[in-house]
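Chains as they are written, first to last, in the working numbering: chain S, 1 to 512; chain D, 1 to 321; chain H, 1 to 327.
No lab work stands behind these hints: they were computed from the structure.
Check the hints yourself; a few may be wrong.
Simulated crosslink set (EDC-like; lysine to aspartate or glutamate; CA at most 16 Å straight-line) [to be verified]: (1) D:LYS179 <-> D:ASP117; (2) S:LYS55 <-> S:ASP28; (3) S:LYS55 <-> S:ASP163; (4) D:LYS294 <-> D:ASP115; (5) D:LYS234 <-> H:GLU203; (6) D:LYS170 <-> H:GLU294; (7) S:LYS368 <-> H:GLU143; (8) D:LYS239 <-> H:GLU143; (9) S:LYS274 <-> S:GLU303; (10) D:LYS184 <-> D:GLU209; (11) D:LYS100 <-> D:ASP122; (12) D:LYS184 <-> D:GLU235; (13) D:LYS294 <-> D:ASP308; (14) S:LYS347 <-> H:ASP153; (15) D:LYS317 <-> H:GLU143; (16) D:LYS294 <-> D:ASP141; (17) D:LYS106 <-> D:ASP83; (18) S:LYS368 <-> S:GLU303.
Listed next, the stretches of chain H that the computed footprint assigns to chain S, with coverage defined by at least 3 CB atoms under 8 Å from CB atoms of chain S [claimed, not checked]: (19) 56-68; (20) 195-203.
So, partial list: chain D residues that the calculated Cβ filter (under 8 Å) puts toward chain H [as the list claims (entries may be wrong)]: (21) ALA41; (22) ARG75; (23) SER76; (24) ALA79; (25) ASP115; (26) ASP117; (27) THR190; (28) THR194; (29) TYR313.
Just so you know, even glycine gets a beta-carbon here, dropped at the ideal spot from N, CA and C.
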Amino acid sequence: MQQAVEGRQPLLEVRGLSKSFGILRALDQVDFTLHAGEIHALLGENGAGKSTLIKVITGVLSRDAGTIRLDGGEIEPRSVKEALAEGIATVYQEVNLLPNLSVAQNLYLGRQPTRFGIVRDGEMQRRATALLAGYDLHIDVGAQLGHYSVAIQHVVAIARAVDLSARVLILDEPTASLDRHEVDMLFRTMRALAARGIGILFVTHFLDQVYDISDRITVLRNGRLIGERMTASLPRLELIQMMLGRELSETTGERVAHDRSASTPCATFTNYGKRGSIAPFDLDLRHGEVVGLAGLLGSGRTETARLVFGADRADSGKAAVEGKPVRLHSPRDAVRHGFGYCPEERKTDGIIAELTVRENIVLALQAKRGITRPLSRREQDEIAARFVKLLDIRPPDPERPIGLLSGGNQQKVLLARWLATEPRLLVLDEPTRGIDVGAHAEIIRLIRELCDRGLALLVISSELDEIVAYSDRVVVLRDRAHVGTLQDDGIDVSSILAAIAADGSVPAAAEA
Amino acid sequence: MALKRILMGLALASAPFIAPVTAAQLTVGFSQIGSESGWRAAETTVSKGEAAKRSVNLKIADAQQKQENQIKAIRSFVAQGVDAIFLAPVVSTGWDAVLKEAKEAKIPVILLDRDIDPSGKDLYLTAVTSDSVHEGEVAGDWLAKTVGDKQCSIVELQGTVGASVAANRKKGFDTAIAKHANLKIVRSQTGDFTRAKGKEVMESFIKAEGGGKTICAVYAHNDDMMVGAIQAMKEAGLKPGKDILTVSIDAVPDIFKAMVAGEANATVELTPNMAGPALDALTAYKDKGTTPLKWIQTESKLYTAADDPQKAYDSKKGLGY
Amino acid sequence: MAFQLPRRGLAQILALIVILLIDRMVSSQFFDLRLQDGRLFGSLIDVFNRGAPVALLALGMVLVIATRGIDLSVGAVMAISGAIAASLADSHAWPVAVAVALGAGLLCGLWNGFLVAVLGIQPIVATLILMVAGRGVAQLITEGRIVTFTSPDLAWFGTGSALGIPAPVLIVAGTLLVTGLVVRGSALGLLIEAAGGNARASELSGVGIRLMIVAVYVWCSLCAALAGVIAAADIMGADANNAGLWLELDAILAVVIGGTSLFGGRFSLILAVCGALIIQAMNTGILLSGYPPEFNLVVKAAVVLVVLLLQSPRLSGLVANFRKARA
């Protein structure tokens, strides 16, 4: 079958596509090929470059280099509208239709059938009914779109896109908020469209769905193409290896062995969980110990971190700090107990872009001290200067707005923000994401140093090599549950991969 | 002028005799705009008093400045089968449908204080309003007479830009002083009909006109602005009413207080008694079948220090201004 | 870097000076000062004196806007507090009248803060409620009339003076000082700027945002209540229909002219007051100019546009590029 497809001219052909944001290479010489009538899954962890690739193809972003060919002809869409005119349509996770208009109006918005300038409602409804019947969808097209389930809204969005003469349909995480039944309905629609010769690019985090529906898989990692494979001939374990990577990078060194008997419990979570977010787990964090959280995107890593830090409120279980039961209802509670948290989304959840490096560094300490005990300007300067030097933040100017710093230096400032509070536990969510190689190594070195100084660390990373390099214990997550723990000599990349891949039969979507 | 005198005279003369005989049965619905200003509140109070004087059962509906409330009120009056409807319209258009309903129910409608769009002329019995151009004229005439042949630089505090009352009061005043070469408006700004703005604008006038020494008179489109202007003059060390003449319009109680203190010279009354003439016209119409004129103009009476301002103040202060 | 970004605040102070100079061109006596009844008297004093209510509103508004909020109700709060102060002035001692008026402001602020911080209603909608209802409350207090009073004690707040300086100017200066001390003397300023700049990140850093937001709305309403007392004292009466009408817009404009973004974050108290003075300098200039009042709003809009363009970073970037291109 592969041979047969290869023989035809591809529907969409992307070659050598590159895109940088500042010093960060979001896409590096990426190739991507979509054939007519195939369902093609685009996979990768956060920051792999999936959404950048989609944005470039649909004209939202410009490209630095590379070509995009549609049916052999080179295209250069500069907006979503231009891409749509070429026949490339996108349906996002959050359906971008108007819920307060009727289904028919949504289908024909901007191109309503008119007579003498007057919209012909009856005609529009007839056409809409007929159109949706083609998708095996028999609903009242006069009713407001918002009254229908998200799955139906997705099908309506797809119907609209395809009716606008789309030949390439891009579905960006359409199943994230659907239940099993709705996913089936969506998949029926996708198969019907593929049978009609439409090429579908499908982005999802749910590997089961990938194996359910896709013909072919393209994997990206860190902005690079890792490989393009036929789904049927790609074992799950190998796919996960492709997604998470296993070649050792320069950041890897020998694992630092700790005398575990010396480490005392720092924070203990028992049967801790939150419905719809993460299944109850037991977690024991010790001084001078690094616990790594490994799992695919959407497996519950960030959810665990947020629960530990009080950013989300647990609805089951108990938490204890140094053996004493505590309440963690808000980040304030957590900060009071000496916790710190560097979130994954640095820009939206971490830095305060217009404030200076100094202000960003002292923020958590100041919040901990309270409004009435301000740090004097001298104290602030001193703290900022100390950490700028200690962490080698560049440029070494504490009065520069943090938004002007590179990603790696922003991350160091966020680390400094927490180190200034002299925490007992630090939660780091993807601390090396989007950071250039040099800063990457420094941050790994820092994590080790902090650990040596008796800090308890909980680190999330998609970089398995990293996790292997610094973790004393690795908790493996799958489908929003903690499914296993690896310790000491048991920690290596292949064991982690095996734990992640084991038994993928539980449909992830049913949890939502 | 003469007609109005006669009407007023008729009202005064006839009320005590006719009222007890006929008006006992009369029920009148009054759709009032709301309580947007002190004058409006006074109008409501006076209307109640005038109705009580004639033993008319007056039902007042407060529309809170909304036309839809007024339309609702009129419909409910029609449903109740009142003998007549008084309407103080909040806007001038959009009344045709509801007034037709009243007409079909054979209930006469009398407009108070404000007129409506000409297309509805046959939909109401009469309109009792003041002539704001005339008010400006009375003010201007008084100033011309008082100043005599002296040169006189006038500063003017206008009402809200775009308000028809402001435009009319300016027009009437301009017409009156145009006949006198020695009267000249040197500065004119809007004080938005409020005390605060009246004071602020007057402060700047005083500074711009050499500390107020070259100002001979202030004309304000309403008394509230004048009350503010009087404060500004006093704070600048000037003596309002003596160094600078004042004339304004409305005749609210506070201007009489200033007059008693010798700080204001003249005001032209916008009478809050619109209901009185309306009730008289209504009585005549009901009893004798006399169709009133389409427009009953209320008197624009001039008050000066010679008119016993203390008495005027006492009679007005309880009206709700 | 080929060009120097304009120093923060320079644009506003320059604009104020330029407008004052234009005022001087319009009216030759603009900078003349004399003592009248022991009080400084002149157009320049008018700018400060008449600008006082908006300056007070701006002092509260700037904190609200810094948290990425907005308070549309300040004009209505002015009307309420003015109505209360005027109603009590002749029957009670002035401290009682002022305290009750400010107390009403406090309640208004708590209400706004509750809606925004606890119920999570968008600030523009939450404060719109009080903007509409508040004026009605004020009208209920005054029964739709202008409530006048004669108490010279309360009148001092509007027309009194100390050392020749008008009372409203002193009150603004005092409020500026107190606000500055509270905000910059404690950690509040930093935490407000952090919360306004990025609420999620601040919350994840342990900043207690809720209480802080309630506090800034309370402070904003208190400033508005004080402005209401001044406005009532100035005309020795409370005009519930007109007191503070549309002043919320002037206050927001003052804050924006003062360089604080409506998207929250960095703020400056002094520049907000400076913004209020720019607006008033313009108003006074227009009144002195003798132009027909129909031009007032057009002139005002043009000047505001120029001031905002002056401080637009994009424009200064364009200018710099232009210079570079020529060099």
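Hint by hint, here is what the structure shows:
no. : hint                  : result
1   : D:LYS179 <-> D:ASP117 : violated (33 Å)
2   : S:LYS55 <-> S:ASP28   : holds (15 Å)
3   : S:LYS55 <-> S:ASP163  : violated (21 Å)
4   : D:LYS294 <-> D:ASP115 : holds (11 Å)
5   : D:LYS234 <-> H:GLU203 : violated (55 Å)
6   : D:LYS170 <-> H:GLU294 : holds (14 Å)
7   : S:LYS368 <-> H:GLU143 : violated (50 Å)
8   : D:LYS239 <-> H:GLU143 : violated (32 Å)
9   : S:LYS274 <-> S:GLU303 : holds (9 Å)
10  : D:LYS184 <-> D:GLU209 : holds (14 Å)
11  : D:LYS100 <-> D:ASP122 : holds (9 Å)
12  : D:LYS184 <-> D:GLU235 : violated (25 Å)
13  : D:LYS294 <-> D:ASP308 : violated (34 Å)
14  : S:LYS347 <-> H:ASP153 : violated (55 Å)
15  : D:LYS317 <-> H:GLU143 : holds (14 Å)
16  : D:LYS294 <-> D:ASP141 : violated (27 Å)
17  : D:LYS106 <-> D:ASP83  : holds (9 Å)
18  : S:LYS368 <-> S:GLU303 : violated (24 Å)
19  : 56-68                 : violated (count 0)
20  : 195-203               : holds (count 6)
21  : ALA41                 : holds (5 Å)
22  : ARG75                 : violated (25 Å)
23  : SER76                 : violated (23 Å)
24  : ALA79                 : violated (28 Å)
25  : ASP115                : violated (23 Å)
26  : ASP117                : violated (25 Å)
27  : THR190                : holds (4 Å)
28  : THR194                : holds (4 Å)
29  : TYR313                : violated (12 Å)
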